[in-house]
Amino acid sequence: MIGRLIERLRFAREHRWAQRHMSEYLDGELDRRGRERAERHTHECVECEELLASLRAMVKTLSGIGGEPARAVAASVFAGVHQRLAGGVGDDGSL
Amino acid sequence: MTDLSDRPVVDEATLVRRAAEGEMAAFEELVMRHADRLYAALRRFGLDDGEAQEVAQETFIRAWRGLDRFEGRSQFFTWLYRIGFNETHRRLGRRRPAGSVVSIEERTVEDLADDAPGPATRAEQSELRVALSEALGELPSDLRAPVVLRDVEGLSTEEAASVLELGEAAFKSRLHRGRMALRALIGQGPWGLPKPG
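Read top to bottom, the protein sequences are chains G and S.
Under the numbering used here, the first residue of the first sequence is numbered 267, with each subsequent residue one higher.
Under the numbering used here, the first residue of the second sequence is numbered 453, with each subsequent residue one higher.
Derived from the structure by calculation, the hints contain no laboratory data.
As the structure is a computational prediction, the values presented were derived from the model and not from experiment.
Quick reminder that beta carbons are idealized off the backbone N, C-alpha and C, glycines included.
Take the hints with a grain of salt, since some may be wrong.
[As the list claims (entries may be wrong)] According to the in silico footprint, chain G covers these stretches of chain S (three or more CB under 8 Å from chain G):
#	region
1	471-484
2	518-528
3	596-604
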């Protein structure tokens with residue numbers, strides 16, 4: 267009985283810790299001990315396993331958004347910058 | 453404007469040094485290298501097209517004036533991000549009541565669907581991409597910026613924390629909150645995120 271209670275408390279503590287550190291685990295920013303702790307809990311917790319999988323899918327997809335070609339504005343931006351500098355724009359943006 | 457196509461490729465540190473000495477052609481090349489990416493990031497921070505172009509201009513003007521103070525400890529582009537983000541933060545603070553949504557992507561759902569005529573997984577990826585783009589626009593700016601910088605723009609934790617002028621621990625905490633909020637928004641959609649298995 268006490269053994270089960272202690273086990274439930276341990277699980278709850280590890281669950282809270284894993285939920286807080288899942289991004290760091292995903293980004294490879296936990297030390298070895300932290301990494302093993304996260305993996306141990308994720309292995310025994312369906313909720314954290316799903317959280318990790320969904321964060322992984324989300325981050326992968328977000329990186330794909332960043333890889334899409336950006337709209338070509340450089341020439342017009344430079345033209346505007348050049349015009350404003352030549353016109354002596356004040357620090358507040360006023361001419 | 454100068455025709456840049458015939459010039460040899462010059463490394464960035466040299467361009468920055470020349471620009472700091474007042475050489476406008478070197479600065480022009482820096483603008484041409486970075487403006488598109490900066491503009492895309494500014495859109496993802498929550499600015500509309502016109503605002504993003506204005507802020508991009510403002511960013512480069514401030515950069516031109518501050519080049520002699522650029523110490524080269526960070527990458528030039530990270531420095532531009534910091535200037536651009538600060539200006540964006542000011543504008544968003546002046547502009548929008550909470551809950552207002554800005555579309556952050558130029559491309560429509562139909563455009564993206566056209567990219568994924570193949571396997572179902574690719575179609576799901578496209579749907580997820582569209583949903584995430586829209587959900588990013590719904591995040592409050594203090595949670596959106598870490599996700600944009602780290603996950604969309606691909607900056608390291610150190611670089612992204614530096615742009616936002618946060619310590620790494622504070623940045624990591626905010627990034628995680630941003631990701632969790634984004635996940636919650638996506639979870640409210642019609643299909644949610646894929647489950648393991």
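Cross-check of the supplied hints:
1. By the rule of at least three residues with a Cβ nearer than 8 Å to a Cβ of chain G, the coverage given for the region 471-484 of chain S holds, with 4 such residues.
2. Taking a C-beta to C-beta cut-off of 8 Å, the region 518-528 of chain S contributes 0 residues in contact with chain G, too few for the three needed, and the coverage statement is violated.
3. Residues of the region 596-604 of chain S with a Cβ under 8 Å from some Cβ of chain G number 4, which satisfies the need for three, so the listed coverage holds.
Hint 2 from the list above is the single one not met by this structure.
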